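Take these sequences, add in the hints, and give me the full structure.
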Amino acid sequence: MTKQKYRRYLEDEYAEMIGDEGELGWFGWSIIGLFLFIIVICAIPFVASVIHFYVN
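Residue numbers (our numbering): 82 to 137.
If you are wondering where the hints come from, they were derived from the structure by calculation, not from laboratory data.
Computed from a prediction, not measured in an experiment: that's the story for all the values here.
Even glycine gets a Cβ: it sits at the ideal position worked out from N, Cα and C.
Take the hints with a grain of salt, since some may be wrong.
Okay, the calculated beta carbon distance ranges per label pair [unchecked claim]:
{"hint": "1", "residue 1": "Arg89", "residue 2": "His133", "range": "38 to 48 Å"}
{"hint": "2", "residue 1": "Arg89", "residue 2": "Phe134", "range": "40 to 50 Å"}
{"hint": "3", "residue 1": "Val121", "residue 2": "Tyr90", "range": "42 to 52 Å"}
{"hint": "4", "residue 1": "Gln85", "residue 2": "His133", "range": "41 to 51 Å"}
{"hint": "5", "residue 1": "Tyr87", "residue 2": "His133", "range": "35 to 45 Å"}
What follows is the structure, given as structure tokens:
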């Protein structure tokens, strides 16, 4: 799957989430925010354990 085809697929898939100017709507931003929040929550213990491992 080429980049253009993939991009077109994403645009078709999430057309209702994206505004007229190509900006994400509130729904798209809420999904991105939730995703980043989950990544941060999962990353904190991992980063802490890595730091703890290197300190000792």
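> Which hint numbers doesn't this structure obey?
Replying inline: 3
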